[in-house]
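Student: What follows is the residue order along each chain.
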Amino acid sequence: MSEMTYRRVHQAPPELLFDCMTQPEHLTRFWGPTGTSAPLDGITVDLRPGGAFETVMVSDADGSRYTMRAVYVEVRRPSRLVWTEPDKTTGMTTTITFNDLGDGRTEVVTHQTDMPAAYLSPQAQAGFATSLDRFTSYIASLSGDHPPA
Amino acid sequence: MTVVEEDLSRTFAALADPTRRAIVARLAAGEATAGQLAEPFALTQQAVSKHLKVLEQAGLITRSQVAQRRPCRLRPDHLDAAAAWIERHRQEWAERYDRLDEHLAALREEARK
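Chains as they are written, first to last, in the working numbering: chain A, 1236 to 1384; chain B, 47 to 159.
Some hints could be false.
Stated by the list, open to error - Which residues of chain A face chain B? A partial, calculated answer using Cβ under 7 Å:
(1) Tyr-1241
(2) Arg-1242
(3) Val-1244
(4) Thr-1263
(5) Phe-1265
(6) Gly-1267
(7) Pro-1268
(8) Gly-1270
(9) Ser-1272
(10) Thr-1345
Stated by the list, open to error - Beta-carbon label-pair distances, calculated as ranges:
(11) Arg-134(B) x Asp-1338(A): 28 to 34 Å
(12) Pro-1321(A) x Gly-81(B): 27 to 33 Å
(13) Ala-68(B) x Ser-1314(A): 31 to 37 Å
(14) Glu-141(B) x Thr-1302(A): 50 to 56 Å
(15) Arg-1304(A) x Leu-153(B): 43 to 49 Å
(16) Ser-110(B) x Arg-1243(A): 41 to 47 Å
Since the hints were derived computationally from the structure, they do not count as laboratory data. Yeah, the Cβ is synthetic: ideal placement off N, Cα and C, and Gly gets one too.
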């Protein structure tokens, strides 16, 4: 099991950010990844638990295509969005939480795990979410010359 | 799963436990015996030995086979692999959210017109 947490504050209300992550017209503008594009006609969003979330990513360099096939697990506008990629042998699950900061800004927390969420107890998930950032900064301290605190 | 991914899974599973992370942090400062590791955690040496076994199987530490006191040493290469996995995914999302910010700025610009 591998895990990743990424936090970011955006200058927008949670409703708009949720819509950006779930509406093809928005997704096509930024989904990427870098060096690829996600054409509008290759994006499928069936926004309900069990519904499909698919994007075709086309390489800028050679036009090669990669299709991400995911299924929504949880859809709660504007606070939470969960999808899983069942094609992958390890079953990558992505959870995006939108926290309204109340001043027009929203903290977006992206959490990815390569094991289906169902295999993890709620306690284990909560523990991981809080401990992983500490772990990551700890690893960063290891790779530097200075000893960890 | 590839061999690398399997290794990585074992690494992350081993590091899921806060005591084991603390042991790894302690070993980052230098080698230590099971007895020395047990002290700050108020754990029995037996409990520490169990944690050390998990860390050893995950390839995160090595234990000397020669010395009687069998000091434990960190193997940073496996930690590096775990860090690289996190970094790769972080980077992908960082770039995606950079583009999202540009998109949001464009939306604000359009609304002003």
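Student: Now look at each hint and say whether the structure bears it out.
Tutor: Checked hints:
Taken as an interface hint, Tyr-1241(A) checks out: its beta carbon lies about 5 Å from the nearest beta carbon of chain B, inside 7 Å. The beta carbon of Arg-1242(A) is not positioned within 7 Å of any beta carbon in chain B (closest approach about 10 Å), and the interface hint is therefore violated. Using the Cβ-Cβ criterion of 7 Å, the hint placing Val-1244(A) at the interface with chain B is not satisfied: the shortest such distance is roughly 10 Å. Against a cut-off of 7 Å between C-beta atoms, the interface hint on Thr-1263(A) is violated, since the closest Cβ of chain B lies about 10 Å away.
For Phe-1265(A), the interface hint holds, since its Cβ comes within 7 Å of a Cβ in chain B; the closest pair sits about 4 Å apart. Checking Gly-1267(A) against chain B: minimum C-beta separation of about 5 Å stays under 7 Å; hint holds. About 5 Å separates the beta-carbon of Pro-1268(A) from the nearest beta-carbon of chain B, less than 7 Å, and the hint is met. The interface hint given for Gly-1270(A) is violated, since its Cβ lies 9 Å from the closest Cβ of chain B, which is over the 7 Å cut-off.
This hint is violated: Ser-1272(A) has a C-beta 11 Å from the nearest C-beta of chain B, more than the 7 Å allowed. Interface hint status for Thr-1345(A): upheld, as the beta-carbon distance to the closest one in chain B is roughly 5 Å, under 7 Å. Taking 28 to 34 Å as the suggested C-beta distance range, the pair Arg-134(B) and Asp-1338(A) conforms, at roughly 33 Å. With their beta carbons about 47 Å apart, Pro-1321(A) and Gly-81(B) fall outside the hinted range of 27 to 33 Å.
About 33 Å separates the C-beta atoms of Ala-68(B) and Ser-1314(A), a value consistent with the hinted range of 31 to 37 Å. Between Glu-141(B) and Thr-1302(A) the beta carbons are some 20 Å apart, a value that contradicts the proposed interval 50 to 56 Å. The beta-carbon spacing between Arg-1304(A) and Leu-153(B), approximately 28 Å, falls outside the hinted interval of 43 to 49 Å. For Ser-110(B) and Arg-1243(A), the Cβ-Cβ distance of about 44 Å falls inside the hinted range of 41 to 47 Å, so the restraint holds.
Comparing the model with each numbered hint stated earlier shows that hints 2, 3, 4, 8, 9, 12, 14 and 15 do not hold.
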